[in-house]
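Engineer: Model the full structure from these sequences, guided by the hints.
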Amino acid sequence: MPTLKIPTPLRPYAGGQASIDVTGGRVADALADLTARHPDLSRHIFNDAGELRPFVNLFVNDEDVRYLDGVDTPVAETDLLRIIPSIAGGTGRVDHSALRTNQAFIIILNILAFVLAQPALALAVTLVMLAGAVFRTPGFGFVYRLLLKPLGLVKPDVIEDNPEPHRFAQGFGAVVMAGGTIALYAGLGSLGWGLVWLVTALAALNLFAGFCVGCAVYYWLHRLNVPGFAKEPPTGSFPGMRPK
Amino acid sequence: MTIQIDPPAAAAIRAHLEAAYPEEGAGFLLGEVDGDDVRRVRDVLPIANARENGARRTRYLITPHDTVRADYEAEARGLEILGVFHSHPDVPNEPSAFDREWALPWYSYTITRVDGGKAVSMRSWRLTDDRERFIEEELISEN
Chain A
615 MPTLKIPTPL RPYAGGQASI DVTGGRVADA LADLTARHPD LSRHIFNDAG
665 ELRPFVNLFV NDEDVRYLDG VDTPVAETDL LRIIPSIAGG TGRVDHSALR
715 TNQAFIIILN ILAFVLAQPA LALAVTLVML AGAVFRTPGF GFVYRLLLKP
765 LGLVKPDVIE DNPEPHRFAQ GFGAVVMAGG TIALYAGLGS LGWGLVWLVT
815 ALAALNLFAG FCVGCAVYYW LHRLNVPGFA KEPPTGSFPG MRPK
Chain B
6 MTIQIDPPAA AAIRAHLEAA YPEEGAGFLL GEVDGDDVRR VRDVLPIANA
56 RENGARRTRY LITPHDTVRA DYEAEARGLE ILGVFHSHPD VPNEPSAFDR
106 EWALPWYSYT ITRVDGGKAV SMRSWRLTDD RERFIEEELI SEN
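As given, the protein sequences belong to chains A and B, one line each in that order. Residues 615 to 858 in our numbering are what the first sequence lists, from first letter to last. Residues 6 to 148 in our numbering are what the second sequence lists, from first letter to last.
None of these hints come from the bench; they were simulated from the model. Note that the coordinates shown come from a computational prediction; the quantities given were computed from them, not determined experimentally. Just to be clear, a hint being listed does not mean it is correct.
List time: in silico DSS-like cross-link candidates among lysine-lysine, alpha-carbon distance up to 30 Å [what the hints assert, rightly or not]:
#1 Lys858(A) <-> Lys769(A)
#2 Lys769(A) <-> Lys123(B)
#3 Lys845(A) <-> Lys769(A)
#4 Lys858(A) <-> Lys845(A)
#5 Lys763(A) <-> Lys123(B)
#6 Lys858(A) <-> Lys763(A)
#7 Lys123(B) <-> Lys619(A)
Structural biologist: If you want it as structure tokens, here you go:
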């Protein structure tokens, strides 16, 4: 029978055993046999939808089954099947004060750019937003970090939220701003200012109403299983709305 | 539930996490289980955060390769892996929903708050059997 090796933290749920002989022709069958015999193990290996938990890695004779046939990988009688956890965690928190500072600067500078008819100012906003997208931080967040927060002018507002949708939203905004700026320099005034105002309006919706359109788009793409859009909206929050 | 961290081990945890700031740092807690649910951390094994550049400010990742290596290392030192330590830079050191989603049972999860590059507080937690929540354990560490 193939042998399945259990990692230390899961052993208390497998009668304290370090390895167990299992039946089954595929990895999935071996896991089914294991969890049938030790039902308490099941919730630590599978989530409520019956999928493998993210930290569970399965190796057949030192080969990660991800690079074989996944849970359909065959296991022979003499094979050694191992569950090896990867370990992850983190704050998963976002300082919304940094986001709001960013939005406020985008709004003010864009309005100034329009009022003063200065495409260069729109260009500057575009560059800061693009830099923020590249460095994965709110573009004007540095004003908050280096000035407003240390001086106590703006208090941190750290809440449990995913940073990824906000990065996507800023990247999306940066691309629209870039389009607007190019249009302005190409002499297409109404198109250019139209795009600048679109970004300004979306930033204002976020700043004053707490609704992030880019984040909502991110979560829709997540629902459609688009690769790279892995995060679910925080529990109990409407996709795109600022979590409570 | 108690976790006692030897002062040199606690110092090593703080040093690793302060050096990782503003990114998150992590590593393994090595030690002994001492009778009734008392854990004693004798040594630590700092691990390089395997998350991609940019994500390391809010996330840490220890690969299966590092887990296996830590297993061997613990065995060589005659200790066992008691859990994992990591940092929350500039935010409270309570476990997040993401921490819980990824947590293994039985392990101690010691979280250090690092403010502006300085480790300011350390707390430790264990996941409940039903995975519904973390319970804080008593942390003892004399400086």
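Engineer: Holds or violated: are the alpha carbons of Lys858(A) and Lys769(A) at most 30 Å from each other?
Structural biologist: holds (17 Å)
Engineer: So if I understand the rule, the pair passes when the alpha-carbon distance is 30 Å or less; does Lys763(A) with Lys123(B) pass?
Structural biologist: holds (17 Å)
Engineer: Quickly compare the C-alpha distance for Lys769(A) and Lys123(B) to 30 Å and report which way the hint goes.
Structural biologist: holds (20 Å)
Engineer: Straight-line Cα separation of Lys123(B) and Lys619(A) no greater than 30 Å?
Structural biologist: Judged against 30 Å, a Cα distance of about 40 Å means the pair is violated.
Engineer: Assess, step by step, whether the Cα of Lys858(A) is no farther than 30 Å from the Cα of Lys845(A), and give holds or violated.
Structural biologist: holds (17 Å)
Engineer: Would the pair Lys858(A) and Lys763(A) pass a check requiring their Cα atoms to be no farther apart than 30 Å?
Structural biologist: holds (22 Å)
Engineer: So if I understand the rule, the pair passes when the alpha-carbon distance is 30 Å or less; does Lys845(A) with Lys769(A) pass?
Structural biologist: holds (27 Å)
The structure is inconsistent with hint 7 alone, although it conforms to all the rest.
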